[in-house]
Amino acid sequence: MRHLRRASPNLTVSRINGAEVEHCRVGCAHPTGLRTVSGQPDEYVEANLMSRASGWKLSGRVSLWRYTENDRNYPGWNINADLTGCESLLELLDALISDGQGSRSIHLTPPTPAQLQVPANQGGTAAWVAPAKLRVSLSDVASDWRFPQDQNPASLMFGSEWVAPLREGLVGMSAGRGDFSIGKTSIDSLGLWFWWSPSHPHPGLVDG
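Residue numbers (the numbering used here): 81 to 288.
For the record, the hints were derived by calculation from the structure and aren't laboratory data.
Do not take every clue at face value.
What the hints assert, rightly or not - Ranges of calculated distance between the beta carbons of each label pair, as one might list FRET restraints:
| hint | residue 1 | residue 2 | range |
| --- | --- | --- | --- |
| 1 | 135 | 240 | 17 to 23 Å |
| 2 | 205 | 135 | 39 to 45 Å |
| 3 | 207 | 163 | 26 to 32 Å |
| 4 | 243 | 204 | 18 to 24 Å |
| 5 | 213 | 243 | 34 to 40 Å |
| 6 | 204 | 180 | 38 to 44 Å |
| 7 | 251 | 197 | 21 to 27 Å |
| 8 | 139 | 230 | 21 to 27 Å |
| 9 | 232 | 151 | 17 to 23 Å |
| 10 | 180 | 202 | 41 to 47 Å |
Glycine residues also receive a C-beta, built at the ideal position from the N, C-alpha and C atoms.
Kindly generate the complete structure, drawing on both the sequences and the hints.
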C-alpha cells in the first residue's frame, strides 16, 4: 500500500486495489478511520484491508487431477495433500468463512506415481490431466457448488452448506482416510474425491 498524497493535515491518501482511500489520522468520524475518494463503497475498502484470505499463503503440497481414461468408474476431480497442505487448506477455509466472501488461488503440484497408486485407476496408469492452479471462491448462495472440468485454472465455487463436508474431507485426508466424494454432479459441474497420501496405510489395513 503506497501513500499518494496528503489531502489535509489530518488525512493521507493511499491506493488499495485501484481505489484511492483517505485515512483519517485524528478526529475522524468514520469508525474504521477510512473513507473512499474514488467512489468505492466503504465495505469494499474495509474488506480489502481486513481480509484474512488475502494474506493466506499455501504451505505443503496439494495435488488436483481428473481422469481422462476410465472416468466412468473414476468421475470428477481428485484431491490429495500432505499433512501440511491439509492444514494449510483448512486455514484458507477458515479465512474465507471469517471474511464472509472472497477467493484465493492455490498453486498445485502434479500427482506423483505413488499418489496415483492410491485410487489405482487401471493400476495407477490411467491417463489424467492436472491444472497448475485452483481458484477457490466462497459463494453467497449457501447451496452453491460449481466445479467445472476447466483447468486453466480449475475453479471451485462453494456456498456455506459445503463448508462442513470440505472440512471433514480435509481432516479425514490428513488422518489417512479417503475414497469418498462430495459436491453436486451435473453436466457442467463435477464432484470432488478425497484420497489419503501414499505415506498412510490403507485405512482398511490399519491394525485395530
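Indices of hints not satisfied (ascending): 4, 5
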